[in-house]
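Asker: The residues making up each chain are set out below.
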Amino acid sequence: MGNSRHLGLMLLAPAGIFVILFFLAPVVLTAVFGFTNMSTATGISGGAYVVSDSTMLALKERYGEQELAERLLRKSYVIDEAGLQAALEGGAARPTVEELREKYLGASFGSRREVERLLKKLYNRPAGIRQIKKIAAGFERSVVNVRYDTPEALLAAIEGYGITLTEAQKEALAEVSYTGWVFTAQNFKTMVELPDTWRTMANTLFYVFTTLILFNTGFALVLAIATHYMPDRPAGFFRSVWLLPRITPPVLYVLMWKWLAWDNGFLATILEPMGFAPRNWLLDTPANAWTFIILINGFVGASMGMLIFSSAIKAIPQPLFYASEVDGASRWQQIRHIILPQLRWPILFITSYQTLSLLTSFEYILLATNGGPGGATEVWALATYMKALNNYGGALQYGYGAAMSLVLVVIGVALSLVYLRMFNFKALTESPKIEQ
Amino acid sequence: MRILLENFTKKFGDLTVIDGMNLEVRDGEMLALLGGSGCGKSTTLFSICGIHRIDGGRILFGDRDVTRTTSQERNVGVVFQSFALYPHMTVEQNIGFPLKLRKEPKEQIARKVGEIAEMVHIEELLQRRPGELSGGQQQRVALARALIRRPSVLLLDEPLANLDAALRLEMRSEIRRIQKETGITAVLVTHDQVEAMSMADRIAIMDAGKILQIAEPREMYENPVSDYVASFLGSPPISFLAGRIEGDAFVEPATGTRIPLRPEIAASHGGRAVRLGIRPEHFQPEGGIAIPGRISFIEIQGRETLFDVELPDGSVIRSIQRANDAVRIGDEVRWGIDHEKILVFDENGLKI
Numbered sequence: 001m002g003n004s005r006h007l008g009l010m011l012l013a014p015a016g017i018f019v020i021l022f023f024l025a026p027v028v029l030t031a032v033f034g035f036t037n038m039s040t041a042t043g044i045s046g047g048a049y050v051v052s053d054s055t056m057l058a059l060k061e062r063y064g065e066q067e068l069a070e071r072l073l074r075k076s077y078v079i080d081e082a083g084l085q086a087a088l089e090g091g092a093a094r095p096t097v098e099e100l101r102e103k104y105l106g107a108s109f110g111s112r113r114e115v116e117r118l119l120k121k122l123y124n125r126p127a128g129i130r131q132i133k134k135i136a137a138g139f140e141r142s143v144v145n146v147r148y149d150t151p152e153a154l155l156a157a158i159e160g161y162g163i164t165l166t167e168a169q170k171e172a173l174a175e176v177s178y179t180g181w182v183f184t185a186q187n188f189k190t191m192v193e194l195p196d197t198w199r200t201m202a203n204t205l206f207y208v209f210t211t212l213i214l215f216n217t218g219f220a221l222v223l224a225i226a227t228h229y230m231p232d233r234p235a236g237f238f239r240s241v242w243l244l245p246r247i248t249p250p251v252l253y254v255l256m257w258k259w260l261a262w263d264n265g266f267l268a269t270i271l272e273p274m275g276f277a278p279r280n281w282l283l284d285t286p287a288n289a290w291t292f293i294i295l296i297n298g299f300v301g302a303s304m305g306m307l308i309f310s311s312a313i314k315a316i317p318q319p320l321f322y323a324s325e326v327d328g329a330s331r332w333q334q335i336r337h338i339i340l341p342q343l344r345w346p347i348l349f350i351t352s353y354q355t356l357s358l359l360t361s362f363e364y365i366l367l368a369t370n371g372g373p374g375g376a377t378e379v380w381a382l383a384t385y386m387k388a389l390n391n392y393g394g395a396l397q398y399g400y401g402a403a404m405s406l407v408l409v410v411i412g413v414a415l416s417l418v419y420l421r422m423f424n425f426k427a428l429t430e431s432p433k434i435e436q
Numbered sequence: 001m002r003i004l005l006e007n008f009t010k011k012f013g014d015l016t017v018i019d020g021m022n023l024e025v026r027d028g029e030m031l032a033l034l035g036g037s038g039c040g041k042s043t044t045l046f047s048i049c050g051i052h053r054i055d056g057g058r059i060l061f062g063d064r065d066v067t068r069t070t071s072q073e074r075n076v077g078v079v080f081q082s083f084a085l086y087p088h089m090t091v092e093q094n095i096g097f098p099l100k101l102r103k104e105p106k107e108q109i110a111r112k113v114g115e116i117a118e119m120v121h122i123e124e125l126l127q128r129r130p131g132e133l134s135g136g137q138q139q140r141v142a143l144a145r146a147l148i149r150r151p152s153v154l155l156l157d158e159p160l161a162n163l164d165a166a167l168r169l170e171m172r173s174e175i176r177r178i179q180k181e182t183g184i185t186a187v188l189v190t191h192d193q194v195e196a197m198s199m200a201d202r203i204a205i206m207d208a209g210k211i212l213q214i215a216e217p218r219e220m221y222e223n224p225v226s227d228y229v230a231s232f233l234g235s236p237p238i239s240f241l242a243g244r245i246e247g248d249a250f251v252e253p254a255t256g257t258r259i260p261l262r263p264e265i266a267a268s269h270g271g272r273a274v275r276l277g278i279r280p281e282h283f284q285p286e287g288g289i290a291i292p293g294r295i296s297f298i299e300i301q302g303r304e305t306l307f308d309v310e311l312p313d314g315s316v317i318r319s320i321q322r323a324n325d326a327v328r329i330g331d332e333v334r335w336g337i338d339h340e341k342i343l344v345f346d347e348n349g350l351k352i
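Keeping their order, the protein sequence lines are chains A and B.
Per this note's numbering, numbering through the first sequence is continuous, rising by one, with the last residue being 436.
Per this note's numbering, numbering through the second sequence is continuous, rising by one, with the last residue being 352.
Accuracy of the hints is not assured; some may be wrong.
Here are some, though not all, of the chain A residues that point toward chain B, as calculated from beta-carbon distances under 8 Å [to be verified]: (1) Ala-315; (2) Pro-317; (3) Tyr-322; (4) Glu-325; (5) Gly-328; (6) Ser-330.
Capping the alpha-carbon separation at 27 Å, the derived lysine-lysine pairs in BS3-like fashion look like this [unchecked claim]: (7) Lys-112(B) with Lys-100(B); (8) Lys-11(B) with Lys-314(A); (9) Lys-314(A) with Lys-112(B); (10) Lys-133(A) with Lys-120(A).
Don't read these hints as lab results, they were simulated from the structure.
Note that beta-carbon positions come from the ideal geometry of N, C-alpha and C, so glycine has one too.
Isolated chain A (complex conformation) (with noise of 0.2 Å):
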C-alpha cells in the first residue's frame, strides 16, 4: 500500500510541478506584482539611486526642491587628491601639481573656466591651453548619472562635493533617485482617480452582460429549445451549424467579419447602390463596433450553452413532456413549467462560467476592433494587456497590469457568489429525504 501511494505521488509530481509553475506561481506573483510600482523604466530585479533629469523633475514636482535640484545636476569641480594623481598621470609637471596641492587642495568651483582662470594664474602654469584644458577636465566631479548602490553611497559622495544636504532632503533624495521598483498602493489611487477606468469599467460590464444575455445564455437556450422540437436529423444540422464559428480559428473567423464590414467589404459593397456611402462599418461609430463586437462574440459563445442545454433537455425524461401534454400545456407552458426549470442548473453553469471567460477574454475585441475607435470598445482584460505587456510606447506598466488584473479577479469571485446565491446552489444540492 504504502509503495502505491508513493507511487501515485510520484506520478503526479511533474503535474504538480507545472500546476505551481504555471497556474498557482503567475496568480501569487500577480497579486504581488499589484501592489508594486514595477514598469519597464523600474526593471524587475532591484535598482540603484541615480541623480538623473528624471529622478530631479521628481524631485521638483514632489518635494518643491528646485534649488537642491539644478544644484546637484550642475558639474562641479573640485581639487582632490585624486584630480592632483590623475594630472600627475596625464603628463602635468610635478612642481604645477605640487602647487596646486598646496595652494588649492579641497577648493571648489562651479564652472571649467573657474579652474583653468586658476590654473593660468599659477606660478607653475601648465604649458600650452591643450595642457590646462586637460587638467582642469581631470577635476570634474558629478553625481549625474552615477549608479551608487545605497543611499549612503549617494549622499556622501554629493556631500563631498561641498554640498550639505537637510534631513529632508536627504530623505527625498534618497526617495525620488531610486531607480528600482517599490511596493506601494499608488497603482490603485490611480486607478480611482483616472476617468479612463470607469469607462473601461463601463465597457466591460457592458459587453459582458449584453454578450451574456443575448447570446451565451439567451441564444443558447433558443437554439437549445428549438432544436428539441425539431425532427432529429434538421435539428443535428441546425446544431452543427452553430458550433462552425467555435472551431474557427479566431483570426480567420474574425478576419470574415472584417471583409464584411470594410469599406471595400461586403456590406459596403451591397449597401452603396442604395445610397449608403462606403465606409468602414466595423469601426464606423461605437454602436456599430459594438454591435459587431457583440455578435462576434456572441457567435461564437452561443454554441457551449447550446449543447449544454441541448444534452440537458434530452435528459428529461419523455414521459414528462407526455404527461404535461395530456395536462393541458402548450408548447409555451411546457417550455416555461417544465424545461426552464429543469435547466436551473445547466443556466446557472453556463452564466457563470461565461461571465467569467467573458470577463477575461479579449481576444476577439483585440482582433476586430483593438478597442477602438477611440477607446469605446476597450474592455478591462483589453486594457490591463495594454498596460502591462502590449504599450505602444513600450513604456509596460508590470504593475499598474498587475493591479487591474486583480480586481478582475475580485469581480469575477463575487460574481460567482451572487449567482450561486441567486440560484440557490444549497437547494440544489440537497440530498432528498426519501422515505420508504
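Using the hints provided, position chain B relative to the given structure of chain A.
Answerer: The following block gives chain B in isolation, referenced to the frame of chain A:
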C-alpha cells in the same frame, strides 16, 4: 364517457403497428388492454390520449370525434408507468398543475387539490417533492393529478409495474376503488393477467396489434377463443396435450388414455388432430379421467403446491393442489383430468 375506436390504424414509419382496430370502452367501465410487450397496447393508449397521431380511422369520446384534436384538448387523465411527476414541483403543485394551466383561481385549485388528496390518502404529503416520496405515494400523486380536472377518461399505462409486490396488491384495489368512486371510464394497459383480471370489468387481449377477444375476466378465463388467450390467462398457466379425436373421445397418444368429449365436438372434428387445454386446478389426485405419469417437479407455494407431471412422451400437465407433501419427485401417479372442464383447440389454435 364511452370511448370508440373505429378502424384505428397506427404506423411508425413503414411499420404498421395497429391495422384497422375496432374497440368500444363502455361508459364507466374499466377495460384492460392485456398483452405481451410489443403487442400495441401502449400504442393504443397513447393514441387515445392524443400523444400519438393516428394514421387512419376515428376516435370518439361519447359522440365527439377527437381524432384531430391534440392531447391538450381531449381532457384525458393519464397515469404513466414511471408516474412522470414533475420533480421540481411539490406534490400540491404537481396535482394542481392541470388547473394552473387553465388559470383557475388559486383558492379554487387549493380546494380541489385538498379534496382529491383526501380521496387518494395523501393529505399529509402535499408539501413534499416527488423525490421524497415512496413508490406507492408517487403512484397516488400521479393518480390525483390525472383525476383532478375530472377528465372524460382515465388512462393507466402499466400503473403497477414500478411498484414492489406488496404495494402492487394494495394499489390494485386502491385504483379500482377510486375508479369506482369517480365512475370514470378507464383504460388499463398491462402485461400482467392477474392485474387485468382483478381490476378490470372487461379485458381486451391483444397480440400483434389485433384484439383477440374482449370479455369479462371470468368469461375469458373459462371460455378463451384460442390457445393463446388460454395460455395468457391463469397462473400457473394452462397445460396442453396434443392428440387426436377418435370416436367420442380424445386419445392421448403416449398413454392411450381416452378422455370423453362433448358429443358436438367429437362429431364435428372426428379423426382430427387437436390439443386439449387443462388448467392446473382441473388435474387432481381424485376424480376425473385418470392418466399415468411421473412427478418431474414440485414447487411449494405455502398454501398450495404445484406439481409437474410428465407423461411418457415428455409432455407435461401441471396440477395445483392444497399443500401436499405425500408425493415426491420421481413418484409414479395416476391423477385425474376433469373432462367436464377441459378446453379443446383445433390445429389453428382456435377453441372448438
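Asker: Hint by hint, note whether the structure agrees.
Answerer: Hints, one by one, checked against the model:
Restraint check, Ala-315(A) versus chain B: the minimum CB separation of about 12 Å is more than 8 Å; hint violated. Residue-level restraint check for Pro-317(A) holds (minimum Cβ-Cβ distance to chain B is 6 Å; threshold 8 Å). Against a cut-off of 8 Å between C-beta atoms, the interface hint on Tyr-322(A) holds, since the closest Cβ of chain B lies about 5 Å away. A hinted interface residue such as Glu-325(A) counts as satisfied when its beta carbon comes closer than 8 Å to some beta carbon of chain B; here the least separation is about 5 Å, so the hint holds.
A distance limit of 8 Å between C-beta atoms decides the matter here; for Gly-328(A) the minimum to chain B is near 5 Å, and the interface restraint holds. The beta carbon of Ser-330(A) comes within 7 Å of a beta carbon in chain B, closer than 8 Å, and the hint placing it at the interface holds. Taking the CA atoms of Lys-112(B) and Lys-100(B), the gap is about 12 Å. The hint holds against a cut of 27 Å. With a C-alpha separation of about 24 Å, the suggested pair Lys-11(B) and Lys-314(A) falls inside the 27 Å cut-off, and the hint holds.
Distance hint between Lys-314(A) and Lys-112(B) is unfulfilled; the C-alpha atoms sit about 33 Å from each other, more than 27 Å. For the suggested pair Lys-133(A) and Lys-120(A), the alpha carbons sit about 10 Å apart, so the restraint of at most 27 Å is met.
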